[in-house]
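Q: The sequence shown runs 593 to 867 under the working numbering.
There could be a bad hint or two in this list.
With a Cα cut of at most 25 Å, we get these calculated SDA-like pairs of lysine to any residue [claimed, not checked]: (1) K718 to L773; (2) K787 to V732; (3) K787 to L815; (4) K718 to V732; (5) K661 to A671; (6) K842 to A798; (7) K787 to D797; (8) K842 to W827; (9) K787 to E814; (10) K787 to C802; (11) K718 to S729; (12) K644 to L659.
Derived from the structure by calculation, the hints contain no laboratory data. For clarity, every value in this text was computed on a predicted model and none was experimentally measured.
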Amino acid sequence: MDFFNNDSYDMDQLIAVATDLGITILSAILVLVVGFWLAGFAERRLTSVFGKMQKMDVTVGNFLASLAKYVIIVFTIIALLDQFGVETTSLVAVLGAAGLAIGLALQGTLSNLAAGVMLLIFRPFKVGQFVEVGGYSGTVDSISLFVTNLDTPDNVRITIPNSSVWGSAIRNFNHHDTRRLDQVYGIAYDADIDKAMEIINNVIDADDRCMADPARLVAVTELADSSVNIVVRVWCQGSDYWALNWHLLKTVKERFDDAGIGIPFPCRTVYQVAD
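I would like the entire structure built from these sequences, with the hints used as guidance.
A: Spelled out as structure tokens, the structure:
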């Protein structure tokens with residue numbers, strides 16, 4: 593009789609343990625399913641939201657959505673381990689220490705990543721624009737999370753770490769549709785200033801690339817050592833800047849020559865002292 597009672601007692605214990613284990617496994621499966629579903633939902637939702645933001649770059653949107661997904665997955669795994677009685681406090685501490693060590697080892701890479709995210713969010717320049725960053729000038733070919741690629745006018749590829757780009761002054765020559773062209777013409781002291789300014793104005797009037805608004809400026813700016821300097825400031829479309837600059841320099845010089853207006857150059861007189 594005691595034998596059957598002992599078997600019955602052992603069976604009750606086995607059923608209780610199996611029941612608890614089954615509940616734990618079912619709970620773990622439920623946590624796992626809900627966690628992975630929530631991770632996928634968060635990724636899809638954030639991708640959709642970021643995709644509708646005009647100032648948000650697609651690369652940054654996808655990166656942030658993926659980051660949110662994996663953060664949720666990590667917390668899901670920690671909750672799953674907690675279901676089986678694993679001490680998650682020490683695990684979190686270990687993961688934190690490992691993350692700190694990895695962060696210190698990859699601080700340069702992470703700095704480039706953070707700078708890349710800032711560049712793609714705030715967009716100080718775009719692909720195809722001519723910029724000057726980190727001491728280099730060129731047309732932006734691509735902006736990734738880690739580096740920015742420029743192509744120089746002589747077709748040389750320059751790859752700049754994003755931390756250097758974000759940490760330096762950025763000059764964007766194509767941000768505005770229009771630019772102001774500044775030139776200085778030096779004429780001889782005995783030349784007719786009014787005639788020279790009339791020639792410059794006539795050359796500007798004859799070129800349709802010169803904008804009437806904002807108004808131009810043609811004025812004497814300096815009485816230099818060997819010349820009277822006339823400053824010229826005229827507005828044009830950004831795409832016409834260099835062609836107009838070269839055209840005005842050439843044409844004004846030719847008109848000055850025709851009118852007999854000299855452009856002086858520095859002279860040096862050497863005296864020989866007799867012994």
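Q: Is the straight-line distance between the alpha-carbon of K787 and that of L815 25 Å or less?
A: Holds, at about 17 Å.
Q: For the pair supplied as a hint, K842 and A798, confirm whether the alpha-carbon distance does not exceed 25 Å.
A: Answer holds: K842 to A798 is near 14 Å, not above 25 Å.
Q: CA of K787 to CA of V732, is that 25 Å or under?
A: Not satisfied, since the Cα-Cα distance of roughly 44 Å exceeds 25 Å.
Q: Are the Cα positions of K787 and D797 separated by 25 Å at most?
A: Holds - the C-alpha atoms of D797 and K787 are around 15 Å apart, at most 25 Å.
Q: Is the straight-line distance between the alpha-carbon of K661 and that of A671 25 Å or less?
A: Given that 25 Å is the threshold and the Cα spacing comes to 15 Å, the pair holds.
Q: Does K718 pair with S729 here, judged by a C-alpha cut-off of 25 Å?
A: Holds, at roughly 14 Å.
Q: With a cut-off of 25 Å on the C-alpha distance, tell me whether K787 and C802 pass.
A: 20 Å, holds
Q: Within 25 Å, alpha carbon to alpha carbon, are K644 and L659?
A: At roughly 19 Å apart (the allowed maximum being 25 Å), L659 and K644 satisfy the hint.
Q: Do the alpha carbons of K718 and V732 lie within 25 Å of each other, as the hint requires?
A: 7 Å, holds
Q: Quick one, are K842 and W827 close enough, alpha carbons at most 25 Å?
A: 18 Å, holds
Q: Would the pair K787 and E814 pass a check requiring their Cα atoms to be no farther apart than 25 Å?
A: 17 Å, holds
Q: Are K718 and L773 close enough, with their CA atoms no more than 25 Å apart?
A: 23 Å, holds
Comparing the model with each earlier hint shows a violation of hint 2 alone; every other hint is respected.
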